[in-house]
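Enquirer: Each chain, written out:
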Amino acid sequence: MKVYGWGRFPVVAAESFAPVDTATLQEIIADKQNRAIICRGAGRSYGDSSLAETIVSSRFLDSFAEFNSAEAIIDCGAGVILGDILKLAIPKGLFLSVLPGTKTVSVGGAIAADIHGKNHHIDGCFSNFVISFNLLLASGEVVQCSHTENTELFQATCGGMGLTGVILSARIQLKEISSVTINQRSIVASDLDNCLDILDEHNESKYSVAWIDCLAGKQSLGRSIVYLGEHGDDDNLQVKTRRGPSVPFSTPSFLLNKYTMKAFNSSYFAMRGKNVDSRAVTYDSYFFPLDNIRNWNRLYGAKGFLQYQLVIPTEFGKAGLREVLSEVNSAGKGSFLAVLKRFGCANENLLSFPIEGYTLALDFKYDQNLMPLLGKLDKIVLANNGRIYLAKDALMDATTFKASYPKWEAFCELKKKVDPDNRFRSLQSNRLGITAETAQ
Amino acid sequence: MKILIIGATSAIAKATARIYAEQGQELFLVARNEERLLELADDLKVRGASSAEYRVFDLANTSQHQQILDQAFDVLNHLDLTLICHGSLPNQEACETNFELAQQEINLNGLSVISMLTIIASKLKTQGSGTIATLTSVAGDRGRQPNFVYGAAKSMVSTYLQGLRGKLLPFNIHVIDIRPGLVDSPMTAQFEKGALWSTPELVAREIVKAIAKKQHTVYTPGYWRIIMAVVCAIPEILFKRLKI
Chain P
1 MKVYGWGRFP VVAAESFAPV DTATLQEIIA DKQNRAIICR GAGRSYGDSS LAETIVSSRF
61 LDSFAEFNSA EAIIDCGAGV ILGDILKLAI PKGLFLSVLP GTKTVSVGGA IAADIHGKNH
121 HIDGCFSNFV ISFNLLLASG EVVQCSHTEN TELFQATCGG MGLTGVILSA RIQLKEISSV
181 TINQRSIVAS DLDNCLDILD EHNESKYSVA WIDCLAGKQS LGRSIVYLGE HGDDDNLQVK
241 TRRGPSVPFS TPSFLLNKYT MKAFNSSYFA MRGKNVDSRA VTYDSYFFPL DNIRNWNRLY
301 GAKGFLQYQL VIPTEFGKAG LREVLSEVNS AGKGSFLAVL KRFGCANENL LSFPIEGYTL
361 ALDFKYDQNL MPLLGKLDKI VLANNGRIYL AKDALMDATT FKASYPKWEA FCELKKKVDP
421 DNRFRSLQSN RLGITAETAQ
Chain F
1 MKILIIGATS AIAKATARIY AEQGQELFLV ARNEERLLEL ADDLKVRGAS SAEYRVFDLA
61 NTSQHQQILD QAFDVLNHLD LTLICHGSLP NQEACETNFE LAQQEINLNG LSVISMLTII
121 ASKLKTQGSG TIATLTSVAG DRGRQPNFVY GAAKSMVSTY LQGLRGKLLP FNIHVIDIRP
181 GLVDSPMTAQ FEKGALWSTP ELVAREIVKA IAKKQHTVYT PGYWRIIMAV VCAIPEILFK
241 RLKI
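Chains as they are written, first to last, in the working numbering: chain P, 1 to 440; chain F, 1 to 244.
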């Protein structure tokens, strides 16, 4: 069947399985000796990291094993999506410590991509709150990994894009909250420098993120709205369950062009009359604004889109981001979803994306002329000691990857130990030179 | 509400059980695989079920049906809702040349369901209340080349339910026939999915709604009623040439 990531590019023909338990999964892996296998969670990584000849979905490994509200621990299958955890946790005054821009990612995917949220500068990545997980290795053996047990494997698997094995289940530490209301403060920044200054200045703010208008050029290059957030204390522990409308099919992609996006961005900006605004918003609208339009990825048309998320270390941040934005701006390829945020320190994991600095995420509608632009961006990112997020990447070459993820060799060495025959490989791992295209 | 779910580890049953668990209902689960049943029971308790008992049975073995239902009644004392979900998706091609296989499939998807219905009906008559919801399939609406063994078994159950519904009416027992369309489940993981496919979660939400509203024959998602009406309206002279 045809399978693709959230960006709907690339599309591949793959054999798919949705095992219902570990035994079935072990059978599939033993059975598919000569085929590349990769695990796929909720299908929310953008590019080709969950694509291979044989795809095993963890979608039906979605049971809760235990919820200990006293100790704020949840134990669940890798296919459980974060939104389902929130549904259980919120009424008990608990919350996930790290939330990405959508609540529909799976626990397994969150670990494999070592996802980050709007509080990375304070709390770090998802793996910080993973107490332990069970990993099915290529040999069929199941091992438990944690910060203290099988540490090497833990550090390779968190951020390891599913290449060490299949994550079966995990124990996650939740945090206490007294309300799910987010007290949001929005500040308008006139240009890039101003935006970064505001982010730096509010580094103490629990959550922070900036929506950036990458179509605005010249003096207003990088004009943005910074959204700061803190948990409220109004005792609101209500789960939001309303389901928004869905985009039923791929809309004609010409609807999203330079002009419509410019109009969208300008009106979005114009709607913010005041420079500083404070209001209480629901957690859903603060963390997951796009979840309200289900299947929003179809808006980019049948050919799909690419998301490009980069991080540039603090010292090169201003100049580097300016270069990136100018390049995007002059190519006229900007997206209406550009997000900028500040990262805290990197962690010990071998392939985790975040390093201390500024991260920028851009969407580009797929077309042939995009490749030269992304090639240029890759060079700028590299020259500024930055890197690109693997959960979103679909095009980076092996040289760029190896130059920007210095622990890649350690990762490959560990992979050799746990998966000597390279059973687990994806289109992405082949492209990045982590695995060879055929079994070894 | 006290709910018995037969074939509880199937994808649709599981998704439906989860909705009832979130409502805090009392559940009694029956299926063949102990490990998966145990996992499901724990999951339902975490999600809020006030209880989730289970028993391991192979439902193809109709001689055990009385025993299963006796145990369910012993535990629950009363039965508000019975959801019959067990079944399998036969290999049509293989069944066409191997009667034993076809018989096995028809036994499981057709006769074993009727065996269950027979025993439940008599228990509920004594109780004087209750709802029986049975999962059949849109495949039962018309025999089609790709899956008429499955379709024949399911239409047997649907026809049975139509008659049973009237028979149980004086006893204040409601009978629902639920006909899901194409559902993306472990059973169909390898199929190419088009726009008509839906998820077990969506089907489960519609099942819960239909049960609450005491509907009779439910197509889920709803557009399958139209699709199947069209399929049934095709003249046989043309239909016999179609491989749909």
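Heads up, some of the hints might be wrong.
Unchecked claim - Only pairs whose alpha carbons sit at most 30 Å apart, straight line, appear in this in silico BS3-like list of lysine-lysine:
#1 Lys243/F - Lys2/P
#2 Lys214/F - Lys240/P
#3 Lys193/F - Lys32/P
#4 Lys193/F - Lys103/P
#5 Lys92/P - Lys193/F
#6 Lys2/P - Lys45/F
#7 Lys206/P - Lys175/P
#8 Lys45/F - Lys240/P
#9 Lys87/P - Lys125/F
#10 Lys87/P - Lys243/F
#11 Lys103/P - Lys209/F
#12 Lys125/F - Lys193/F
#13 Lys240/P - Lys167/F
#14 Lys32/P - Lys417/P
#15 Lys92/P - Lys214/F
As the list claims (entries may be wrong) - Per the computed footprint, the stretches of chain P lying under chain F, defined by three or more beta-carbons under 8 Å from a beta-carbon of chain F, are:
#16 65 to 77
#17 223 to 232
Bear in mind the hints are in silico, worked out from the structure with no lab data behind them. C-beta atoms are modelled at their ideal positions from N, C-alpha and C, and glycine is treated no differently.
Enquirer: Against which earlier hints does the structure fall short, listed by number upward?
Expert: Hint check: 5, 6, 9, 10, 12, 13, 15 and 17 fail, others pass.
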